[in-house]
Amino acid sequence: MSAQILQPEALAFNGIDPNDPDRGAVSEYEALHEIFKVVRKGIKASGCNRAIMVAHNANFDHSFMMAAAERASLKRNPFHPFATFDTAALAGLALGQTVLSKACQTAGMDFDSTQAHSALYDTERTAVLFCEIVNRWKRLGGWPLSAAEEV
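With full-length UniProt numbering, letter number 136 in the sequence shown gets 136, and the count goes up by one each step, no holes.
The hints are simulated quantities; they were obtained by calculation from the structure and are not laboratory data. One thing to keep in mind: the hints can contain errors.
Unchecked claim - Here are the simulated DSBU-like cross-link-like pairs (lysine-lysine), alpha carbons at most 30 Å apart as the crow flies:
id : residue 1 : residue 2
1  : Lys-44    : Lys-138
2  : Lys-41    : Lys-138
3  : Lys-75    : Lys-44
4  : Lys-75    : Lys-37
5  : Lys-75    : Lys-41
6  : Lys-138   : Lys-102
Stated by the list, open to error - Cβ pair distances, simulated, as ranges:
id : residue 1 : residue 2 : range
7  : Ala-12    : Gly-141   : 44 to 50 Å
8  : Asn-59    : Gly-96    : 18 to 24 Å
9  : Arg-40    : Gly-96    : 32 to 38 Å
10 : Gly-96    : Asn-49    : 31 to 37 Å
Note that the Cβ used here is the ideal one computed from N, Cα and C, for glycine as well.
With the hints as constraints, model all of the structure from the sequences given.
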């Protein structure tokens, strides 16, 4: 990223030191190229055409990903251009909680607040929360619809 703007408050909140030589930084292009390769492999294995981003506050993550792909001039973006599953909204509906930690706890999931806001930890908790919400929906009689209900 040539014209990066790093907010000191955001760096402090996330504990990121952009000058740490041990952080294993790679270029935005390289990171996205590898991520997109893995996503496209999953799309193919599932017989799908596009990936739908699942995220907590999906609009932010999706916008960030789309802008990053454009900056890196990656033409084969595997993510749907606008569709997402937002676990903040889904958790608000299904659990009455929109904050990730509270939604996880309400769903009966473990949530370690000392690991919160770590990209990997939040991503894993978001994935488990999404699966929990989908499985609750299915247990309540959600899809797949029976033939009689499809009419």
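Each hint tested on the structure:
The hinted pair formed by Lys-44 and Lys-138 meets the criterion: a straight-line CA distance of about 25 Å does not exceed 30 Å. With a CA separation close to 27 Å, the supplied pair Lys-41 and Lys-138 stays within the 30 Å bound. In summary, the hint linking Lys-75 to Lys-44 is supported, as the alpha carbons are separated by about 18 Å, within the 30 Å threshold. For a cut-off of 30 Å, the pair hint linking Lys-75 to Lys-37 stands: about 12 Å separates their Cα positions.
For the hint linking Lys-75 to Lys-41, the alpha-carbon distance of about 16 Å falls within 30 Å, and the restraint holds. About 22 Å separates the Cα atoms of Lys-138 and Lys-102, which keeps this hinted pair within 30 Å; it holds. Hint check: Ala-12 to Gly-141, Cβ distance near 47 Å, so the stated range 44 to 50 Å holds. The hinted range of 18 to 24 Å is satisfied by Asn-59 and Gly-96, whose Cβ atoms lie roughly 21 Å apart.
At roughly 36 Å, the beta carbons of Arg-40 and Gly-96 sit within the given window of 32 to 38 Å. For Gly-96 and Asn-49, the hinted distance range of 31 to 37 Å is satisfied, since their beta carbons lie about 34 Å from each other.
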